[in-house]
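Protein chains in written order, with this note's numbering: chain H, 1 to 336; chain P, 1 to 123.
Derived from the structure by calculation, the hints contain no laboratory data. Take these hints with a grain of salt, some might be off.
Here are the computed lysine to aspartate or glutamate pairs in the EDC-like style, where the Cα-Cα straight-line distance is at most 16 Å [said to hold, decoys possible]:
1. H:Lys-9 <-> H:Glu-45
2. P:Lys-87 <-> H:Asp-191
3. H:Lys-190 <-> P:Asp-90
4. P:Lys-101 <-> H:Glu-330
5. P:Lys-101 <-> P:Glu-58
A quick note: this is a predicted structure, and the numbers were derived from the prediction, not measured.
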Amino acid sequence: MGTANDIEKGLSDWASEHYGVAAAIAGLRRLSGGASQETWAFEVEAGEKSEPLILRRAPGGTAAARSSEAITLAIEAALLEATDKAGVRVPGVRHVSPPGSALGEAFVMKRVAGETLGRKILRDAEFETARARLTQQCGEALARIHSVPLSGVPKLPTSLGRNQIDKYEAVYREFNLPRPVFELAFAWLKDNEPEPADPVLVHGDFRLGNLIVDENGLAAVLDWELAHIGDPREDIAWLCVNSWRFGQTENRVGGFGQLDELLDAYAAAGGARYRPADIDWWEIMGSLKWGVMCMTMYGAFKTGADPSVERAAIGRRVSENEIDLINLFEGLGRHA
Amino acid sequence: MHDAPSAKELIEAVKSFLDKTAMVQLQGHAAFHARVASNALATVLREMEQRPGAEARERDRLQALLKSDETDVGALNRKLCEEIRTKRVDLSTPGLLTHLKSTTIDQLSVDQPGYSGLRTAAR
Numbered sequence: 001m002g003t004a005n006d007i008e009k010g011l012s013d014w015a016s017e018h019y020g021v022a023a024a025i026a027g028l029r030r031l032s033g034g035a036s037q038e039t040w041a042f043e044v045e046a047g048e049k050s051e052p053l054i055l056r057r058a059p060g061g062t063a064a065a066r067s068s069e070a071i072t073l074a075i076e077a078a079l080l081e082a083t084d085k086a087g088v089r090v091p092g093v094r095h096v097s098p099p100g101s102a103l104g105e106a107f108v109m110k111r112v113a114g115e116t117l118g119r120k121i122l123r124d125a126e127f128e129t130a131r132a133r134l135t136q137q138c139g140e141a142l143a144r145i146h147s148v149p150l151s152g153v154p155k156l157p158t159s160l161g162r163n164q165i166d167k168y169e170a171v172y173r174e175f176n177l178p179r180p181v182f183e184l185a186f187a188w189l190k191d192n193e194p195e196p197a198d199p200v201l202v203h204g205d206f207r208l209g210n211l212i213v214d215e216n217g218l219a220a221v222l223d224w225e226l227a228h229i230g231d232p233r234e235d236i237a238w239l240c241v242n243s244w245r246f247g248q249t250e251n252r253v254g255g256f257g258q259l260d261e262l263l264d265a266y267a268a269a270g271g272a273r274y275r276p277a278d279i280d281w282w283e284i285m286g287s288l289k290w291g292v293m294c295m296t297m298y299g300a301f302k303t304g305a306d307p308s309v310e311r312a313a314i315g316r317r318v319s320e321n322e323i324d325l326i327n328l329f330e331g332l333g334r335h336a
Numbered sequence: 001m002h003d004a005p006s007a008k009e010l011i012e013a014v015k016s017f018l019d020k021t022a023m024v025q026l027q028g029h030a031a032f033h034a035r036v037a038s039n040a041l042a043t044v045l046r047e048m049e050q051r052p053g054a055e056a057r058e059r060d061r062l063q064a065l066l067k068s069d070e071t072d073v074g075a076l077n078r079k080l081c082e083e084i085r086t087k088r089v090d091l092s093t094p095g096l097l098t099h100l101k102s103t104t105i106d107q108l109s110v111d112q113p114g115y116s117g118l119r120t121a122a123r
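All chains should be built: construct the whole structure from the sequences, respecting the hints.
Structural data, given as structure tokens:
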């Protein structure tokens with residue numbers, strides 16, 4: 001199964017059970033993006049009411065082999081519920097469908113209105129108020145995510161700084177494409193590794209593109225696929241990586257804010273007190289990680305797994321991460 | 001061998017076809033890939049023009065940095081990686097960061113000349 005008709009049938013059966021027999025599914029459509037999961041938008045119409053919803057579903061309804069670090073949909077749904085309880089703005093979960101059911105492995109969540117495209121959020125006039133609030137709101141959201149009791153979340157992989165160096169270095173070495181900037185970054189990260197923080201729930205991909213922003217600011221935190229147990233500085237720094245500033249380089253936080261403001265909001269909301277220099281190591285880790293990920297995407301072209309021109313061309317974006325690393329190294333020199 | 005049209009002219013013709021004919025008739029995913037394809041050809045055109053000079057400068061710098069008379073840039077870069085991995089060269093080595101910065105600026109000027117980090121590096 002896996003056609004739109006099958007999905008519509010599965011959703012209709014669910015809707016009549018939960019919203020009443022007269023409930024109907026309308027406007028089912030596949031949204032773009034998300035190679036590892038299918039994302040569908042639809043409405044449940046029950047009487048006068050229409051509720052906009054999202055279906056997240058394993059491709060074809062069965063859990064295919066995913067990258068080792070991506071969590072299952074059931075875990076993603078459980079994380080949405082746990083972080084919702086902790087006061088993080090996330091889409092409310094309406095239904096979890098287990099593997100083998102009519103819908104297949106999937107869950108249904110509320111569809112939150114707003115924008116996800118980084119360039120629009122950073123540029124368009126309608127988000128001016130949002131931009132002014134976003135740094136504060138992101139600091140609070142991150143503090144709340146990092147405060148979620150680990151006893152209340154499903155078992156997640158643990159990945160601290162040293163694990164990440166080792167993992168991405170192994171991937172890099174596998175390519176046998178020597179890049180001296182990456183070599184220097186791996187060596188520097190090993191020599192300058194900070195004391196690991198107490199492990200917390202880490203979102204793993206907290207940045208523009210994965211946040212729904214409306215005219216009032218942060219409306220929902222999406223894309224929990226890379227959630228893990230790790231170092232809170234990883235999330236803070238990932239939001240600072242220049243790849244996610246969408247050209248607004250002068251604003252270290254996501255292209256919209258300053259790091260000391262984010263760190264103040266984070267500490268005020270119950271997070272640990274960090275200084276901007278505490279974030280440097282993890283930002284270098286983040287730029288290096290994204291560079292290796294771009295090499296991996298090019299690798300999918302090279303091996304023929306995905307022969308698209310897009311996968312080929314992304315190999316020529318690795319140098320973006322190299323210049324970001326060099327700029328970060330020069331910054332370290334200035335701070336010292 | 002003749003070169004009329006030259007490789008450069010052929011690439012320019014294909015790029016022009018993508019930009020002016022194909023892209024306007026395509027939609028969705030195909031239109032996106034056509035734009036990526038056009039950008040990839042622009043990268044090739046920049047590379048044809050800039051790589052020889054950039055690579056010659058890179059070779060000179062690597063030979064000086066590594067005190068080597070090796071002429072193959074790939075071999076020199078493998079050697080530099082080895083020196084960094086074995087900690088004989090690090091961030092405090094005179095000339096290392098300057099060399100890496102010049103090389104990366106040249107590379108990005110081919111790959112993504114509009115990238116924000118390139119402006120930061122130029123400051």
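For each hint, the structure was consulted:
| no. | hint | verdict |
| --- | --- | --- |
| 1 | H:Lys-9 <-> H:Glu-45 | holds, 14 Å |
| 2 | P:Lys-87 <-> H:Asp-191 | holds, 10 Å |
| 3 | H:Lys-190 <-> P:Asp-90 | holds, 12 Å |
| 4 | P:Lys-101 <-> H:Glu-330 | holds, 10 Å |
| 5 | P:Lys-101 <-> P:Glu-58 | holds, 11 Å |
When each numbered hint is compared with the structure, no violation occurs for any of them.
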